[in-house]
Amino acid sequence: MLRWTSATSNLPVAMEPFRLLDERGRLEGDPPLGLDEVRRLYAAMVEARAYDRKASAMQRQGRLATYAPLEGQEATQIGSVAALRAEDWLVATYRDAGAMWLHGYGWRNLFLGRMGDERGGHPPEGVPVLPPSITVGAHMIHAVGLGWAADLRGEARVSLTLFGDGATSEGDFHEAMNFAGVFRTPTIFVCQNNQYAISMARTRQTAAETIAQKADGYGMPGVLVDGNDVLAVYAVTTEAAERARSGGGPSLIEALTYRTGPHTTTDDHLRYRSAEEVEQWRRRDPIDRVRRYLEGLGAWDPGWEEALNAASTTAVEQAVAEAETIAAFEPDDIFTGMYAEPTSVLRRQAEELRRDLGE
Amino acid sequence: MATLTMAQAINDALRVAMDADERVVLLGEDVGVTGGVFRVTDGLIDRFGPARVVDTPVAESGIVGAAFGMAVGGLRPVAEIQFLGFAYPAFDQIVSHVGRIRNRSRHRFTAPMVIRVPFGGGIGAAEHHSESTEALFAHTPGIKVVVPSGPRDAKGLLLSAVEDPDPVVFLEPIRVYRAIKEEVPDGDYRIPIGTAAVVREGSDATLIGYGAVVADLRRAADELAGRGRTVEIVDLRTISPLDADTLVASVRKTGRAVIVTESHRTAGMASEIAALLQERALYSLLAPIERVTGWDVVVPLKRSEEYYIPDVARIVAAVERTLEA
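For the record, the sequence lines run as chains A and B. Its first residue numbered 1, the first sequence is counted upward by one per residue in this note's numbering. Its first residue numbered 1, the second sequence is counted upward by one per residue in this note's numbering.
Hints were generated in silico from the structure; no laboratory data involved. Any given hint could turn out to be false.
Unchecked claim - Examples of chain A residues toward chain B, derived with CB under 10 Å:
#1 L35
#2 V91
#3 H139
#4 L346
Claimed, not checked - Which stretches of chain B does chain A cover? Using the computed rule of at least three CB atoms under 8 Å from a CB of chain A, they are:
#5 48-57
#6 60-72
#7 99-107
#8 238-245
To be verified - Far from chain B, by Cβ distances over 10 Å, these chain A residues were calculated:
#9 E16
#10 R19
#11 D36
#12 A57
#13 M58
#14 H142
#15 D172
#16 A197
#17 R204
#18 A207
#19 T265
#20 E277
#21 E305
#22 A321
#23 E351
#24 L353
These numbers were taken from a predicted model, which means no experiment stands behind them. Just so it is clear, CB atoms sit at the ideal spot from N, CA and C, and this is done for glycine as well.
One chain only, chain A, in its complex shape:
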């Protein structure tokens, strides 16, 4: 049984994160998934890392705008979203490409967004994933509203929102958690505590020992989980989703993880933390951990790994090609996205732009 805080009994949250796989890939509890499913999660993490590294490389080549790498956080992103159903809402941030992709957003769209093309924000029809929030913290309440709407419409959909430890300092975190608690919306708050908000360490964001314990103040259960353990993240998110779907209201999950790279491609993260610290966390790599687990069960071999890498590269390269060959934006297009129909004011401004461009 997982150790959630209880809003009614005021039990303290466990200070030790809930974990199913230790750093060497040894199972500590009952696996929540069969081998095939674990292999699928592993494959998804491998593909997310392939995208992430490709995006960082393309930024250096000048083919992408500033990029926020997710390396180190794959287990949280993949494990949490894997617990959702296709119709559940996902409201995530600029660092959550892995989560958004797994829920159907598409690498092409993610690349397009980072190329500075609004069309990246248009996921395929039926994919309930909002474009990434660039502002910090304002998006959590959107997940509350989406879950609330689903409830009022009689749909059995839940909403999941990803945010960082820095976002919990925003006043919007309070309002979102408070609304979710008061109206018992089917919302799962997943804090990816990667321990830094750009340069500021988690200890400067809150004096509380954990973020998970804040759930208590909003009348919802909270749990601290090892965010580099994809099985543990999957297990707690599954519980939260079941609770939300059955009318039990929201939950807060604090996934303790680490971004092993910079905040963005413009950041030098070794100005505010040591190479030793980063190396220590690299040794807790979320992908290695699952590989060791699978290896121990005879469910991993180098050939499969090679095939996974090749397939990931193909998928990512194909998305790059699609994104780089999309038709150019026409001048009019910057006006046509604002309203269902361009207003008289925007029609006139579009004419002015055409005039100024000599068209």
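Given chain A's structure and the hints, the job is docking chain B onto it.
Same frame as chain A, but now just chain B:
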């Protein structure tokens, strides 16, 4: 037709909208059991229940942010912020998300929602309760900003706002809530957003305003009529997008323009309208455009509020100046 105050007309519009479409939900502080601090939502919770008329925690950003999520999720929320001076905590949601999601997702996600906000002075209220900072919203891309001047328009514009595919900030002039009674059509009645109305025809000058000042424009026009002057009045009704064609046509006809707003002057709606008229009606102008506005000061409290809000005397004097020019 019933004779209604503006508060009653808005209540009627909300009832009609909620009867017609179960996706329409109301949320805000004290909008349910109390019926809103101005009683605009009075009785709606009895008719539609607490799931559709939601009393929320005191959290403006939360109200607008949750309404935004609801709108993206397929509902038609109408959020109420108690006073414009309390809307600033929600401003980030409006600027950063409500006005952007359609463009950010290139029409994949939209936020058809209304944010109702009582605004303006004239009732001697406490600080923060008399703001007229509508230009902040008119400056914001991706939303529409509507300001009725009386009961009939309030109903017609609000029903259009609820149906609009894009977010609408709906500013309700507080001092009009109970000051004006009008015949208001029953049932579904619409006035299109983005269209100004020439509410009085005249030939000597054009008076331009919206919201509470429109009643003062009528009084000023009456006074000027006594002096043999016929002035035209344009009620903007929507301040974003501006109905430039109606404004320009009127000023081309009269050759003189006096723009009256209760807001601060600098970078206010009067500035935008003056620039627009300069661009499109300069050669018809017979006198400099006059602006009669609130000043660039915090709205004064009760004892000196009269120095701030444009009154009939200031409006008449401005028209006289343009006529003498």
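These are the hints, each one checked on the structure:
1. L35: It is violated, given that the least Cβ distance between L35(A) and chain B is near 37 Å, above 10 Å.
2. V91: Holds, about 8 Å.
3. H139: 7 Å, holds
4. L346: Check passed: Cβ of L346(A) comes within 7 Å of chain B, closer than 10 Å.
5. 48-57: holds (count 5)
6. 60-72: holds (count 10)
7. 99-107: This one holds; 7 residues, not fewer than the three required, reach chain A with a Cβ under 8 Å.
8. 238-245: holds (count 6)
9. E16: 33 Å, holds
10. R19: At about 33 Å from chain B, R19(A) clears the 10 Å cut-off, so the statement holds.
11. D36: 33 Å, holds
12. A57: 26 Å, holds
13. M58: Its Cβ never comes within 10 Å of chain B, the nearest being 22 Å, so this holds.
14. H142: About 4 Å separates H142(A) from the closest Cβ of chain B, which leaves it inside 10 Å; violated.
15. D172: Contrary to the label, D172(A) does not stay out of reach of chain B, its closest Cβ about 6 Å off (not over 10 Å).
16. A197: With a cut-off of 10 Å, A197(A) remains clear of chain B, as the shortest Cβ separation is near 18 Å.
17. R204: The claim stands: R204(A) keeps its Cβ more than 10 Å from every Cβ of chain B (closest is about 23 Å).
18. A207: The claim stands: A207(A) keeps its Cβ more than 10 Å from every Cβ of chain B (closest is about 23 Å).
19. T265: Given a closest Cβ separation of 22 Å, the condition holds.
20. E277: 34 Å, holds
21. E305: Nearest chain B Cβ is 36 Å from E305(A), so the label holds.
22. A321: The claim stands: A321(A) keeps its Cβ more than 10 Å from every Cβ of chain B (closest is about 20 Å).
23. E351: Answer for E351(A): holds, closest chain B Cβ roughly 13 Å.
24. L353: 15 Å, holds
Hint violations for this structure: numbers 1, 14, 15, all remaining hints satisfied.
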